[in-house]
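Student: This is what each chain is made of:
Protein chains: 4
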Amino acid sequence: MSILVEFSVIPVGTGVSISPQIAKVLKIVAGSGLPYKANPMGTVLEGEWGAVMDIVKKCHDAVMKDSERALTIVTIDDRKGKEMRIEKKLESVEQKLGMKLKT
Amino acid sequence: MSILVEFSVIPVGTGVSISPQIAKVLKIVAGSGLPYKANPMGTVLEGEWGAVMDIVKKCHDAVMKDSERALTIVTIDDRKGKEMRIEKKLESVEQKLGMKLKT
Amino acid sequence: MSILVEFSVIPVGTGVSISPQIAKVLKIVAGSGLPYKANPMGTVLEGEWGAVMDIVKKCHDAVMKDSERALTIVTIDDRKGKEMRIEKKLESVEQKLGMKLKT
Amino acid sequence: MSILVEFSVIPVGTGVSISPQIAKVLKIVAGSGLPYKANPMGTVLEGEWGAVMDIVKKCHDAVMKDSERALTIVTIDDRKGKEMRIEKKLESVEQKLGMKLKT
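Heads up: the protein sequence lines correspond to chains F, E, H and A, in order.
Going by numbering that gives the first Met the number 0, the first sequence opens with residue 0, and the numbers climb by one from there.
Going by numbering that gives the first Met the number 0, the second sequence opens with residue 0, and the numbers climb by one from there.
Going by numbering that gives the first Met the number 0, the third sequence opens with residue 0, and the numbers climb by one from there.
Going by numbering that gives the first Met the number 0, the fourth sequence opens with residue 0, and the numbers climb by one from there.
Simulated from the structure, these hints should not be mistaken for lab results.
A few of these clues could be false.
Note: identical chains are not told apart, hence a pair may lie in one copy or across any two.
[Claimed, not checked] Cut-off 25 Å, straight-line C-alpha distance, at most; resulting in silico cross-link-like pairs (SDA-like, lysine to any residue):
1) K87 with E67
2) K56 with E82
3) K87 with G46
4) K95 with G49
5) K64 with D53
6) K26 with D65
7) K79 with L33
8) K81 with A50
9) K99 with M0
10) K87 with D60
11) K64 with M83
12) K87 with G49
13) K79 with G32
14) K81 with Q94
Please read these numbers as outputs of a predicted model, since none were measured by experiment.
Build the full structure now, drawing on both the sequences and the hints.
Tutor: Set out below in structure tokens:
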């Protein structure tokens, strides 16, 4: 059973620009093989709990390599009997609205 | 000065499927005129604090119209002297990575 | 109608220790007159939407005074016909458990 | 190295009152042996990444036993070389403020 997860890792105390660390995170995510969607505030992943949390920890650890402190925020949406929600969740909303959404 | 915000409204106790309520939220967002990006876990908006929070409240109230309880989660990223971050934040990461990200 | 809210403000780029900024936030909260409870990860407030959001914005602005960037996270739990949930929510759980919880 | 974590599990679609499920979560937490503090919006835990995430998963799974859907929100604050932050973080703020905070 797969879960849908959004997460972000914020280094605290390394500087105002955090895009180098976000680049490290998204390199790990893109190389993981799991379906993902990046947005300006975080990354959405879908997969088994263990596989997803393993990637979240790898990303957190990568940021902590050159940061004294990091905040990692994880939101898990778990719904029985549903798969490929990373695509279908918004499609279902678009059908109800009868319009395409900006993504 | 504009802020970058991600938010989501989750009705609690109305049922397992919440896409009708998410459709209501995204109709309000899409009609607001503010730049937005919908993702499977929330919606990213950019604008002045007052304008953005006004939309968040409208969406929350719309869900509370036919729900006894709702949870609304708001994450604000505020950075001085930066605008149009809803586009530029990921572009800056893509430049560092030398690749296009899935969005 | 009052809402129950937890929020935290995290300055990004000012340094690894953020307790001076958290002190500023909690001074504003404690002086607001609204019922609150501080915990190691955030502050819980109860009040009308406008009154609570006004305090959240004051706290965010206070941190942005000496920070280039800040992340503010707000979680709203809104339930019709319920008041003083800042006390009663955990009491109801303690009654079900038949034990006092550490707070 | 220990991390400081706040988490909450929200069953979606089981009903408006979720205190029976929060009671299940806090029974697991209180029996875990890890230092914790419950608040009206979530529970703060301190421990090694694996130990903490194991408890979060146990709580999530316990709620999913009698729920079709659940949302679990986890916020991790990781700071090198610091321990017992579940007590010390607020104490440090209280010292700066020269006053006791409500908790």
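Student: When Cα atoms must be at most 25 Å apart, do K56 and E82 count as within-copy, between-copy, both, or neither?
Tutor: Classified as both; 23 Å inside a copy, 19 Å across copies.
Student: Should K26 paired with D65 be assigned to within, between, both, or neither, using CA atoms and 25 Å as the limit?
Tutor: Classified as within: same-chain Cα gap 16 Å, cross-chain 32 Å, threshold 25 Å.
Student: At 25 Å max between alpha carbons, let me know whether K95 reaches G49 within a copy, between copies, both or neither.
Tutor: This pair counts as neither: shortest intra-copy Cα distance 33 Å, inter-copy 29 Å.
Student: With 25 Å as the alpha-carbon cut-off, assign the pair K87 and D60 to within, between, both or neither.
Tutor: Between copies, since 24 Å is at most 25 Å while 31 Å is not.
Student: If the cutoff is 25 Å on CA atoms, where do K81 and Q94 land: within, between, both or neither? Let me know, please.
Tutor: Answer is within: at 18 Å inside a copy they meet the 25 Å cutoff, but 35 Å across does not.
Student: From the Cα coordinates, with 25 Å as the cut-off, is the pair K87 and G46 best called within, between, both, or neither?
Tutor: The answer is within: 14 Å in one copy meets 25 Å, while 28 Å across copies does not.
Student: Please work out whether the CA atoms of K64 and M83 approach to 25 Å or closer within one copy, between two copies, in both situations, or in neither?
Tutor: Answer is between: at 22 Å across copies they meet the 25 Å cutoff, but 33 Å inside does not.
Student: Is it within, between, both, or neither for K79 and G32, if the alpha carbons may be no more than 25 Å apart?
Tutor: within (23 Å within a copy, 30 Å between copies)
Student: Under a CA distance limit of 25 Å, which applies to K87 and G49: within one copy, between copies, both, or neither?
Tutor: Cα proximity of K87 and G49: one copy only (22 Å, versus 32 Å across).
Student: Please sort K87 with E67 into within, between, both or neither, judging by C-alpha distance up to 25 Å.
Tutor: For K87 and E67, the Cα distance is within 25 Å only across copies (18 Å; inside one copy 39 Å).
Student: Which holds for K99 with M0 at a C-alpha limit of 25 Å: within a copy, between copies, both or neither?
Tutor: neither (29 Å within a copy, 29 Å between copies)
Student: Checking an output row: K81 and A50, CA cutoff 25 Å. Within, between, both or neither?
Tutor: within (17 Å within a copy, 28 Å between copies)
Going through the hint list in order, the structure does not satisfy hints 4, 9.
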